[in-house]
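The primary structure of each chain is shown beneath.
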Amino acid sequence: MQHTISVLVKNEAGALSRMTNLFSARGYNIESLTVSTTLDTKYARATIVVTHCDDSVIEQILKQLHKLIPVIKVCDLTPENSTTLELVFIKVDSKNEVGELLKIAEAFGVKVIDVSPKTYTLQAVCNEKQLKSLVELLRPIGIKDIVRSGAVSINVKSE
Amino acid sequence: MTNKIITKELTGSQVFLECLKNEGVDTIFGYPGGVILGIYEAFYHEKKIKHYLVRHEQAAIHAAEGYARVTGKCGVAIVTSGPGATNTITGIANAYLDGHPLVVFTGQVSASLIGNDAFQEADIVGITRSCSKHNYLVKDIKDLARVIKEAFYIANTGKKGPVVIDLAKNVLDAKIEFEYPKEVDLEGYNPTYKGNPKQISKALQLLCNAKRPAIISGGGVLSSEASEELTELAKLLNVPVATTLMGIGTYPMNDQMALGMLGMHGNYWANYAISNCDVLFSIGTRFNDRITGPSKEFAKNAQIIHIDIDPCSISKNVTANIPIVGDAKIVLQAMLEEFKAKNYEINKENKREWFEQIEEWKKQRVIPEIQSEKLHVHTVLEQIYEYTKEYEPIVATEVGQHQMWTAQAFNFTKPRKLLTSGGLGTMGFGFPAAMGACLADKNRLVLNIAGDGSIQMNIQELATCVEYNLPVKVMIMNNGYLGMVRQWQEKLFDRHYSETKISGPDFVKVAEAYGAKGIRIKKKEEIIPALKEAIEYQGPVFLDFIVEPFEMVYPWVLAGTPIDKVILSRKE
Numbered sequence: 001m002q003h004t005i006s007v008l009v010k011n012e013a014g015a016l017s018r019m020t021n022l023f024s025a026r027g028y029n030i031e032s033l034t035v036s037t038t039l040d041t042k043y044a045r046a047t048i049v050v051t052h053c054d055d056s057v058i059e060q061i062l063k064q065l066h067k068l069i070p071v072i073k074v075c076d077l078t079p080e081n082s083t084t085l086e087l088v089f090i091k092v093d094s095k096n097e098v099g100e101l102l103k104i105a106e107a108f109g110v111k112v113i114d115v116s117p118k119t120y121t122l123q124a125v126c127n128e129k130q131l132k133s134l135v136e137l138l139r140p141i142g143i144k145d146i147v148r149s150g151a152v153s154i155n156v157k158s159e
Numbered sequence: 001m002t003n004k005i006i007t008k009e010l011t012g013s014q015v016f017l018e019c020l021k022n023e024g025v026d027t028i029f030g031y032p033g034g035v036i037l038g039i040y041e042a043f044y045h046e047k048k049i050k051h052y053l054v055r056h057e058q059a060a061i062h063a064a065e066g067y068a069r070v071t072g073k074c075g076v077a078i079v080t081s082g083p084g085a086t087n088t089i090t091g092i093a094n095a096y097l098d099g100h101p102l103v104v105f106t107g108q109v110s111a112s113l114i115g116n117d118a119f120q121e122a123d124i125v126g127i128t129r130s131c132s133k134h135n136y137l138v139k140d141i142k143d144l145a146r147v148i149k150e151a152f153y154i155a156n157t158g159k160k161g162p163v164v165i166d167l168a169k170n171v172l173d174a175k176i177e178f179e180y181p182k183e184v185d186l187e188g189y190n191p192t193y194k195g196n197p198k199q200i201s202k203a204l205q206l207l208c209n210a211k212r213p214a215i216i217s218g219g220g221v222l223s224s225e226a227s228e229e230l231t232e233l234a235k236l237l238n239v240p241v242a243t244t245l246m247g248i249g250t251y252p253m254n255d256q257m258a259l260g261m262l263g264m265h266g267n268y269w270a271n272y273a274i275s276n277c278d279v280l281f282s283i284g285t286r287f288n289d290r291i292t293g294p295s296k297e298f299a300k301n302a303q304i305i306h307i308d309i310d311p312c313s314i315s316k317n318v319t320a321n322i323p324i325v326g327d328a329k330i331v332l333q334a335m336l337e338e339f340k341a342k343n344y345e346i347n348k349e350n351k352r353e354w355f356e357q358i359e360e361w362k363k364q365r366v367i368p369e370i371q372s373e374k375l376h377v378h379t380v381l382e383q384i385y386e387y388t389k390e391y392e393p394i395v396a397t398e399v400g401q402h403q404m405w406t407a408q409a410f411n412f413t414k415p416r417k418l419l420t421s422g423g424l425g426t427m428g429f430g431f432p433a434a435m436g437a438c439l440a441d442k443n444r445l446v447l448n449i450a451g452d453g454s455i456q457m458n459i460q461e462l463a464t465c466v467e468y469n470l471p472v473k474v475m476i477m478n479n480g481y482l483g484m485v486r487q488w489q490e491k492l493f494d495r496h497y498s499e500t501k502i503s504g505p506d507f508v509k510v511a512e513a514y515g516a517k518g519i520r521i522k523k524k525e526e527i528i529p530a531l532k533e534a535i536e537y538q539g540p541v542f543l544d545f546i547v548e549p550f551e552m553v554y555p556w557v558l559a560g561t562p563i564d565k566v567i568l569s570r571k572e
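Top line first, the protein sequences correspond to chains A and B. Mapping the first sequence onto the numbering used here, position 41 (from 1) lands on 41, and the numbers just tick up by one. Mapping the second sequence onto the numbering used here, position 490 (from 1) lands on 490, and the numbers just tick up by one.
Read the hints as simulated data drawn from the structure, not as lab findings. What you are looking at is a predicted structure, and each value in this text was computed from that prediction instead of being measured. By construction, the Cβ of each residue, glycine as well, lies at the ideal position given by its N, Cα and C atoms. Hints are not guaranteed to be accurate.
Below, in silico cross-link-like pairs of lysine-lysine (DSS-like), each with a Cα-Cα straight-line distance of 25 Å or less [claimed, not checked]: (1) A:K67 <-> B:K194; (2) B:K142 <-> A:K42; (3) A:K63 <-> B:K194; (4) B:K139 <-> A:K10; (5) A:K144 <-> A:K157.
Chain A regions said to be covered by chain B (calculated; three or more residues, Cβ under 8 Å) [as the list claims (entries may be wrong)]: (6) 6 to 20; (7) 49 to 60; (8) 64 to 71.
Here chain A stands alone, though its shape is the one from the complex:
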């Protein structure tokens, strides 16, 4: 099962490396990882998506992360109590089926941010499932490249 873990960590040299090192040293898989400072720049927030692990492994990951000295708080976010989205850029072949392309873009709320004779560049903000459908629909038109930011997640039901 996929888990999204939100980690509040001191914004100091080596903090990110401590977290990633923990994953590699203990053999856990990272699906995606994003880190940036919070409102208070003393802290940073990391959103880590992990896959292929059972509950006991997730429990270990949460506890091991919490054990790191610069880590302040660790949350295992579930789909019920949180929203998870990512930013995705997709380069699509524009030589054919532009009408179809624009229809799909509109249906998904996707912005066209660049147009060139050969390529349309799209910008999507979506979750994993939406991205999957989007990619499936665009694939026949011709996807040239895709760049993903990795998921960010926020707890929306607690306050």
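Position chain B relative to chain A; hints supplied.
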């Protein structure tokens, strides 16, 4: 004119020493080098802190750990950058796995050179990240005192462990008005000491109702000084106690309810009691594979209560039914109070069968095989134990057969008397650790039980022992083999002794060459006179016991098999 009091500015090197004094450090092990010359200049003028010059940086860390294990205080070591720092890794990893507090200072090139592949530059913060509890790189003198304060606090609280401080050269040369912080401010670091009261009641209830209860006491009981509480509670609840290798001494081995060590080379009855118990009360152990065997087979009919200060240790290897995160001493005290305050009833009668069964298992002892005219290690160790027990010696070991035989032969009754590398299994640990022990408890007899393989891994420290007159009595069980590996090859690889026959120097001559004493012992009747001579001699001694090469350590549980599959002799 200003009214400001003018305090003298100190260099980073002087700040370093002032911080150590504030932490009560009086002993430090180390080795100088280019980037830390400033610190050694400060040592030159220092009266309160004694620096011990080792002969290899690895030994500095083991010596500091030996010191920490005996005193319970932080061990401290300092080395230079680059190779000086990388030589400490085994020592740091050893302290990390066994959970002993160290603060290790490494030199680093000046901040402006970091990342340039400068002379003797190594990314020691990167290298030690996964084998230390925490680490710091100090690039600005303003951070120095705070970092040192934090490091000592982190090393010696919670699950204890080594903290590394990498000191850039420019920090040591810079100047600052020194002030030692009174408090630490570590927002993300709050170890849990008190156990959850509800869990404590549940655990007591379960233990009271148990018919076949057993306790495992681990290194956590030693770290939190909880032996007294453990002994009192075990007696009150009428529960037998097994110990892990790291827990040896936390429960008196000569007590009637002691099961002794469990695990791969543990007692038959300890392994059987743990395998057959209905309630397992485990304190301060992470259930290492050397004590559990395959974890699915381990204590499979037992409800498991697990106290540990490190939440990560709980339900990592063995799932706990009643997890209690907390410090062993504080939780055991709370259990004692709760037990005395409420009406818990102990039914001793319903445990009678259990104790009878354990007595029955206790008949399954190893009968040592006599294979030749040569000395046998079990006889040698028995005699060493009997001869030295009145001194209550500190016994360090290396790693291998002699280590397991020592754990079995010495009836340790007090904690902090056995210094052995459990988690990492580091050959070469014992000798320098014994040096640290000599300085930690200056009038105590300190033994290092070694093999002829292990002793060669840090034999250079004999020079350190001679220089400072650290009277370690090194008992070398010289069988000409890497005995433990040979034992596995005999059983599992058809006696293919691949690279396990190992030669060594004439240890008596080596001792003499270093200016120490050397004694060779080949016959039984030479043992006692040799021990007498060694103990009377006021300095380090190598005792070279020439022993039977093909002796095997029993009991033995083969790796990957459940711990009740105990082999007691070659015939099995």
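Query raised in the report: Looking at the structure, which of the earlier hints fail to hold?
Result: Number 5 - this is the single hint that the structure violates.
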